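Q: So the chains spell out like this:
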Amino acid sequence: MEAILEGISLSLSVNALLGIIVGVVLGQVLGSIPGLTAAMAVALLVPFSFYFDPWVGIPMMLAMFKGSLFGSSIPAILLRTPGTPAAAATVIDGYPLAKEGKGGKALRTVLFASVFGDAFSDICLILGSGALAAIAIRFGPSEYVILVLFALISLVSLNRGSSWRGIVAILAGVLIGCIGLDPISGTARLTFGNAELFDGVGLIPMLIGFLAISEVFTQLEQPLKTLSQRAIEFSKRPEDNKLSREERRELLPTLLRSSMIGTVTGALPGLGSTVAAFIAYNEARRTAKRPEEFGKGSLHGIAAPEAANNAVSGANLIPLLAFGIPGDVAAALILGALLIQGITPGPLAFRDNPEPIYAIFSAMLLANLVNYLVGIAYIPLAKRLVSVSKRLLFPAVLVFASAGAYAMRGSLFDVQMMFVFGLIGWLMSKFKFPTVLLLIGFILAPILERSARQTLILIDSSDGLLAFVQSRPVLMILLGVLAVLAVLVIRQQISMRRFTDQDDDGVMGPG
Amino acid sequence: MTKIRFAVLILASCALFGCDNANEGSTDAKYPSRPITIVVPYAPGGGGDTFTRAIAIQAQEILGTKVLVENRMGGGATIGVGSVARAKPDGYTLGFVSSSPVVVVPNFFEVPYDASTDLTYLSRFVVSPYPVLVRGDSSYDSFDELLAYARENPGRLRWSTAGINGAPHIATEAALKQEGVEAAFVPMQGSTEVLAGLLGGTIDMGVMSDYAGPLAAGDVRLLAEIGPEPIEGFPDIPTYREMGYPLAPTIFFGMAGPAGLPDDVIQTWETTIKTITESESFQEVTVRLNGNVTYLDHEAFEALVLSDIESTKKALQTLGILEK
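Protein chains in written order, with my numbering: chain A, 365 to 875; chain B, 14 to 337.
If you're looking for bench data, these hints aren't it; they were derived computationally from the structure.
Careful, some of the hints might be misleading.
Stated by the list, open to error - Quick list of simulated restraints, FRET-style, between CB atoms:
1) B:E74 / A:G774: 23 to 29 Å
2) B:V300 / A:T651: 50 to 56 Å
3) A:G774 / B:S155: 42 to 48 Å
4) B:T130 / A:L830: 30 to 36 Å
5) B:K287 / A:S377: 36 to 42 Å
6) A:L791 / B:K287: 31 to 37 Å
7) B:A225 / A:R748: 47 to 53 Å
8) A:L712 / B:E74: 33 to 39 Å
9) A:G828 / B:S324: 39 to 45 Å
10) B:K287 / A:N717: 33 to 39 Å
11) B:D249 / A:A816: 54 to 60 Å
12) B:E323 / A:G774: 45 to 51 Å
13) A:G494 / B:S324: 43 to 49 Å
Claimed, not checked - Covered by chain A, per the in silico footprint, the following chain B stretches (three or more residues, Cβ under 8 Å):
14) 185-195
15) 207-214
Bear in mind that the values here come from a model prediction, so they are computed numbers and not experimental data.
Think of the CB as a built atom: it goes at the ideal place given N, C-alpha and C, for glycine as much as any other residue.
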């Protein structure tokens with residue numbers, strides 16, 4: 365108890381509070397610039413943690429991550445340009461809603477969902493990190509295979525009617541995901557001898573090209589006289605700029621489900637917030653009362669990926685605090701800062717030196733609150749920033765998108781890739797291919813391939829398939845759940861095919 | 014409004030990229046007269062990045078000029094190293110180097126530099142132990158016991174290491190081959206995945222460097238060290254050299270520049286790095302990151318790298334891992 369109070373007092377000092385506020389503001393602003401991910405921004409902070417009191421630096425880093433996740437959704441909604449990959453799924457419903465003039469409502473939904481997801485996973489981290497980590501550590505390659513299959517099956521369940529375009533889009537994404545070094549043998553694949561492609565196509569240049577640059581191309585096609593119009597209009601009606609109590613209540617089941625998805629994904633190292641956001645989006649749509657609204661500005665479609673990607677940020681610390689295993693880059697950076705300060709995360713930290721852990725917990729909760737308050741102030745500012753004519757806004761988008769693609773690793777090649785994908789994205793939406801499915805294929809395929817091939821090696825080194833499955837209890841449970849889900853989805857498909865017209869646009873429209 | 018937005022963005026990007034033109038001086042003045050960039054070929058936050066940033070901060074004070082760190086990751090660290098090799102040899106673009114991209118990777122891929130001729134090796138500052146680990150509750154108490162199990166059960170011992178075809182991977186393959194052991198290598202990316210795989214029971218043996226936390230907690234135990242020197246504090250843990258394996262690579266961290274650096278640049282950095290490695294704060298950081306401070310000057314470092322390149326190539330060929 366004493367340790368808890370001491371920890372809380374560490375994070376409540378004036379300096380720590382200041383660190384949190386500065387972190388949130390920086391995070392929201394940097395997050396809303398495409399290409400500048402939270403991880404990059406925080407990496408730049410690491411050297412300062414040599415100088416700073418750790419109880420300024422570490423809360424500041426935590427706050428920055430939280431701020432940037434919200435910040436990155438602002439351009440996703442208003443400009444179709446996710447500030448970081450985690451906000452890619454938010455584009456699907458956020459941008460259409462903003463086009464209706466309800467950008468204010470969309471941003472309020474994001475803020476509410478973000479803070480909800482954050483708080484949910486922080487509480488899970490505080491109350492159950494030990495238990496959650498003990499389960500999460502049991503997830504190996506074979507379990508990851510099943511998880512990706514879950515995601516793919518729930519994707520199929522969204523697909524009403526025949527959609528060869530959807531299949532083409534997913535396979536194209538998978539193919540692009542194959543570029544780079546083979547994950548098992550380490551030989552170069554589809555790189556055409558270019559060392560820049562050894563690590564595969566960068567997610568950030570691809571996302572920016574696919575979403576932002578393709579939108580710039582689409583705008584180029586518009587008649588000249590529309591140029592002086594504003595790119596985006598905001599409705600003046602108050603109900604279009606806020607989230608009513610009834611709407612919040614209605615979102616609650618989606619928020620809870622998505623936060624759980626995010627927390628579980630975050631506790632498993634290596635999956636990340638982008639994956640969580642897409643899985644949560646699919647789940648929200650699968651279980652929606654009015655799935656037909658998805659892709660056209662559904663509040664559930666905005667809230668689900670936002671709650672999930674924020675929930676990842678807290679849950680990422682679960683394997684870190686339990687075993688010293690960082691769940692993603694963000695957690696790795698925090699691990700680095702902690703090590704430099706002489707704190708080694710892991711079970712021993714709770715026993716020998718628990719104050720810093722409790723200080724981290726209370727700093728996280730505090731950062732949520734600050735994130736909400738700063739967000740409320742930032743929304744009207746962001747709305748005014750984009751309220752300019754198209755001929756000013758879209759060139760600016762082009763410039764910042766290029767800078768963002770370049771900044772990732774200081775590579776002009778990435779800028780070229782961004783334009784290539786901009787062109788592909790534009791052509792795809794012209795010919796009504798669902799671009800979002802390509803993204804999902806691109807993100808999931810490498811995880812599936814690597815895990816599946818690792819699993820084959822594992823099976824090969826056991827006494828046969830059956831013995832392998834028996835040796836992994838979590839795998840047995842997951843296989844059971846997968847079978848049930850598959851049956852449900854097939855029945856749903858059959859009944860939909862019987863009662864609804866065929867919808868050739870397939871999943872999520874040209875999105 | 015646009016003005017404000019632009020101002021905010023420009024300010025933010027200045028802060029981020031550290032664009033500070035005030036220090037830009039004339040080039041013929043005494044070195045260093047303008048900001049120096051150190052390229053780190055790895056992602057921010059890793060060991061190499063943290064060491065370089067620790068060095069940059071102190072070098073900035075010693076040299077009286079800005080020392081910027083730029084992460085240029087990709088291509089198994091070869092893109093960043095390549096950009097250093099191609100830079101103008103004026104001492105204003107230098108880079109962090111470690112064993113793998115210099116000694117090992119060029120044997121497997123065409124890389125955009127020749128490690129033995131295109132780089133000036135300024136100084137080595139840290140050597141990192143790279144042990145063979147098993148789970149804390151593992152039934153194997155020594156490396157010999159582990160090998161005995163693997164020999165009796167061919168193809169059953171599952172193991173992994175942080176980088177495919179990196180020095181630790183190749184050295185361990187060579188060791189297992191010499192012992193006549195057939196093991197199942199499960200390819201993984203980064204020490205995070207290896208540690209998770211080890212603790213979760215996916216693999217039985219891991220070869221990785223970021224082990225301090227789990228070791229202190231008793232989650233893992235050390236069985237061997239892949240390098241030539243015993244790990245500090247663990248004199249009884251055998252090394253690959255003691256056991257007579259073909260490769261016992263030293264995992265070194267150092268600083269390099271393009272070939273043809275002027276002598277005054279080389280001397281400036283030799284003394285700067287020497288001073289830094291002797292400082293208490295750098296030694297503290299090194300201990301926390303599980304390294305050993307072992308300074309080598311330009312001449313000794315370059316000789317070491319060149320002989321490592323030779324011996325690795327030869328070993329790979331005799332082992333049949335590499336043709337030619």
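Q: B:E323 and A:G774, beta-carbon distance inside 45 to 51 Å?
A: At roughly 33 Å between Cβ atoms, A:G774 and B:E323 fall outside 45 to 51 Å, so the hint is violated.
Q: Against the range 43 to 49 Å, how does the distance between the Cβ atoms of A:G494 and B:S324 compare: consistent or not?
A: Between A:G494 and B:S324, where Cβ atoms are some 47 Å apart, the hint holds.
Q: Between the beta carbons of B:T130 and A:L830, is the distance compatible with 30 to 36 Å?
A: 56 Å, violated
Q: 47 to 53 Å was suggested as the range; check whether the CB atoms of B:A225 and A:R748 agree with it.
A: 49 Å, holds
Q: Given the hint of 54 to 60 Å, is the C-beta distance from B:D249 to A:A816 inside that range or not?
A: Given a distance of about 41 Å, which is not inside 54 to 60 Å, the answer is violated.
Q: Given a hint of 50 to 56 Å, does the C-beta separation of B:V300 and A:T651 actually sit inside it?
A: 52 Å, holds
Q: Residue count check for the segment 207-214 of chain B against chain A: does it reach three with CB-CB under 8 Å?
A: holds (count 6)
Q: Could one say that the CB atoms of A:L791 and B:K287 fall in the range 31 to 37 Å?
A: Once the Cβ atoms are compared, 58 Å apart, the range 31 to 37 Å for B:K287 and A:L791 is violated.
Q: Between A:L712 and B:E74, does the C-beta distance stay in 33 to 39 Å?
A: Given range 33 to 39 Å: holds, Cβ gap about 35 Å.
Q: Is the hinted range of 33 to 39 Å satisfied by the C-beta distance from B:K287 to A:N717?
A: 34 Å, holds
Q: Three or more residues of the segment 185-195 of chain B near chain A by CB distance under 8 Å?
A: This one is violated; 0 residues, fewer than the three required, reach chain A with a Cβ under 8 Å.
Q: When you take the CB atoms of B:K287 and A:S377, is the distance between them in 36 to 42 Å?
A: 39 Å, holds
This entry does not satisfy hints 4, 6, 11, 12, 14, going by the numbered hints stated previously.
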